Amino acid sequence: MNPKRLRIGFIPLCDATALIVAVDKGFAAAEGLDVELVREVSWSNVRDKLNIGLFDVAHLIAPVAIASSLGLGHVKVPILAPFGLGVNGNAITVSPELYAALAATADGNIADPVVSGRALARVVASRKAKAQDPLTFGMTYPFSTHNYHLRFWMAAGGVDPDEDVRMIVLPPPYMVESLANKHVDGFCVGAPWNSVAVDLGIGYILHFVSEILSRAAEKVLAVRASWSAENPDMLRRLIRALGRAAAFVENPANRDEASAILAAPNRIGASAEVIRRTLDGRLKVTPDGTIRTSDRYLLVGRKAAGRPDPVQAAWLYAQMVRWGQAPYSDEMLAAAKAVFRPDLYDAALPSEAPDTAGEPVDGIGAFTGPPFDANDIERHLAASKIRR
Amino acid sequence: MARCLMIDQLFMDPTFKIVIVDENPVRAAILEEGLREAGHVHVVHIDEMSHLLTRIYAIDPDVILIDLENPSRDVLEQMFQVSRAVKRPVAMFVDQSDTASIQASVDAGVSAYIVGNLQKERIKTILDLCISRFNAFSRLQNELDRTRSALEERKVIDRAKGILMKAKNLSEDTAYALLRKTAMNENKKIAEVAQSVVTAAELFK
Numbered sequence: 218m219n220p221k222r223l224r225i226g227f228i229p230l231c232d233a234t235a236l237i238v239a240v241d242k243g244f245a246a247a248e249g250l251d252v253e254l255v256r257e258v259s260w261s262n263v264r265d266k267l268n269i270g271l272f273d274v275a276h277l278i279a280p281v282a283i284a285s286s287l288g289l290g291h292v293k294v295p296i297l298a299p300f301g302l303g304v305n306g307n308a309i310t311v312s313p314e315l316y317a318a319l320a321a322t323a324d325g326n327i328a329d330p331v332v333s334g335r336a337l338a339r340v341v342a343s344r345k346a347k348a349q350d351p352l353t354f355g356m357t358y359p360f361s362t363h364n365y366h367l368r369f370w371m372a373a374g375g376v377d378p379d380e381d382v383r384m385i386v387l388p389p390p391y392m393v394e395s396l397a398n399k400h401v402d403g404f405c406v407g408a409p410w411n412s413v414a415v416d417l418g419i420g421y422i423l424h425f426v427s428e429i430l431s432r433a434a435e436k437v438l439a440v441r442a443s444w445s446a447e448n449p450d451m452l453r454r455l456i457r458a459l460g461r462a463a464a465f466v467e468n469p470a471n472r473d474e475a476s477a478i479l480a481a482p483n484r485i486g487a488s489a490e491v492i493r494r495t496l497d498g499r500l501k502v503t504p505d506g507t508i509r510t511s512d513r514y515l516l517v518g519r520k521a522a523g524r525p526d527p528v529q530a531a532w533l534y535a536q537m538v539r540w541g542q543a544p545y546s547d548e549m550l551a552a553a554k555a556v557f558r559p560d561l562y563d564a565a566l567p568s569e570a571p572d573t574a575g576e577p578v579d580g581i582g583a584f585t586g587p588p589f590d591a592n593d594i595e596r597h598l599a600a601s602k603i604r605r
Numbered sequence: 003m004a005r006c007l008m009i010d011q012l013f014m015d016p017t018f019k020i021v022i023v024d025e026n027p028v029r030a031a032i033l034e035e036g037l038r039e040a041g042h043v044h045v046v047h048i049d050e051m052s053h054l055l056t057r058i059y060a061i062d063p064d065v066i067l068i069d070l071e072n073p074s075r076d077v078l079e080q081m082f083q084v085s086r087a088v089k090r091p092v093a094m095f096v097d098q099s100d101t102a103s104i105q106a107s108v109d110a111g112v113s114a115y116i117v118g119n120l121q122k123e124r125i126k127t128i129l130d131l132c133i134s135r136f137n138a139f140s141r142l143q144n145e146l147d148r149t150r151s152a153l154e155e156r157k158v159i160d161r162a163k164g165i166l167m168k169a170k171n172l173s174e175d176t177a178y179a180l181l182r183k184t185a186m187n188e189n190k191k192i193a194e195v196a197q198s199v200v201t202a203a204e205l206f207k
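Chains A and B, in that order, give the protein sequences. Position in the first sequence counted from 1, then plus 217, gives you my numbering. Position in the second sequence counted from 1, then plus 2, gives you my numbering.
Hints may be right or wrong, so weigh each one.
As a list, the in silico DSSO-like pairs of lysine-lysine whose alpha-carbon atoms are at most 27 Å apart [claimed, not checked]: (1) A/Lys-266 <-> B/Lys-126; (2) B/Lys-191 <-> B/Lys-170; (3) B/Lys-157 <-> B/Lys-126; (4) A/Lys-242 <-> A/Lys-266; (5) B/Lys-168 <-> B/Lys-207; (6) A/Lys-293 <-> B/Lys-157.
What the hints contain is simulated information worked out from the structure, not anything from laboratory work. It should be emphasised that the depicted structure is a prediction, and the values quoted were computed from it without experimental measurement.
My request is simple: use the sequences and hints to build the entire structure.
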């Protein structure tokens, strides 16, 4: 049988793990797929090349898949997400100066997002009183989980992300440099960049995003709806290969080998040791070496992370509505949910029983606010004091 | 005549400003020159990516051109968002009906953003110019690569000729003829045969 050729675009981040391991460890070849992985430099490029067919498939930030399907911010191209490449994995890192200011005003344990959010509100108020420039936070893209995670955390503490601070887009490779030269006071980004900042002694990891939202869809395998309809067999093979690769990575006995594969210069291009820490959820959070561990820092295949959950799509659409990026309509909510396709996942991996023991009942598990209701996001958003 | 007409059209608005965001100085220069030839007097090249949006807002351009190898493309996408910092709405030129243009520009490696309401035909002229200049730059680069490798091949062939002339007491022409004949018999390039001769000579040293 001739192998089927596929061109897949990706951004060098730790949540491209299942994709890279599927190709470099031979899981894709075992499914008869000949995959060319193409490293990209911006989400705009990944989106455009997927849209016009230069890529068959892409590693894509989940909200961009939804925005593209809804026609927000750019050309409307229906995209499907039949596999979740990562749940969680982001962290919020701040400069040593901001960390010290937050710690000085914190009324409890700063590792608690309720406490850190309130502390941020006090720092913001004190800067305003002294007529200092507002704090600036970096995130990766307007339609990004990083943007929404930062906003969710600071708004809960009483900080208006559009009025009280500046939110700016920074490509992940520029985050660390921007923190070092004080262009930003903090950022939210995926691995390995938070660890890189801590290792350089210029950043403190304030929160794993898993402390803010217990379960947050991060990157998805994105395909054009038209491509999926024309290539159902190839898509099934690809999902199977990704499922195997994710299971391989989640076995701690394979982590050294996986980290070495991912560290290659043409893949993630970071040190294997930092990648291993990320997969293990054992991160150095302060320059003096304090370690914080979490078994939810980045879920590649555990806890049904590979199976797309439409509740996650609804939560992301709710953030677009909350922050004025999208109007609310029942049709748009339904269209957003329809981007995430657990049925395609199940068709390819029928024997996998989802391991959801101990997962949040509402599918999200936010640190504050009422449980998320994917069927009534307007009522859900009405509980938010700060919104557009 | 046609060219004069085009320049006339473009000169209608002397305040028209174009920003080129490109870290490659040669490519940016080629593009800038093309735009100036087409009558655009206000062309600003940005090669430093920090505070990109602040710089762009200060220049207040009508069109922004950025190369696709630049991670800062995602920064430009922020201009689409409703925000206090934005003075005018920004839209990407390539609209839904224009897939041929987006394909051509992605192939060439350039992307264009327009600010405000500009005539579509006018933007098309600029984008077409960008595409042809970016493609010209790629051709130039390929030519340079080819010239470099041709030069390398020339050097290896000269060394192989020298080795044969000395070892077999041949004239230069005969040595070259021998290389060429061997290459033809073995269905290889002369440079490949020459490289074998050089390698073998190294081994016999």
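Evaluation of the provided hints:
no. : hint                    : in the structure
1   : A/Lys-266 <-> B/Lys-126 : holds, 20 Å
2   : B/Lys-191 <-> B/Lys-170 : holds, 22 Å
3   : B/Lys-157 <-> B/Lys-126 : violated, 46 Å
4   : A/Lys-242 <-> A/Lys-266 : holds, 26 Å
5   : B/Lys-168 <-> B/Lys-207 : holds, 14 Å
6   : A/Lys-293 <-> B/Lys-157 : violated, 55 Å
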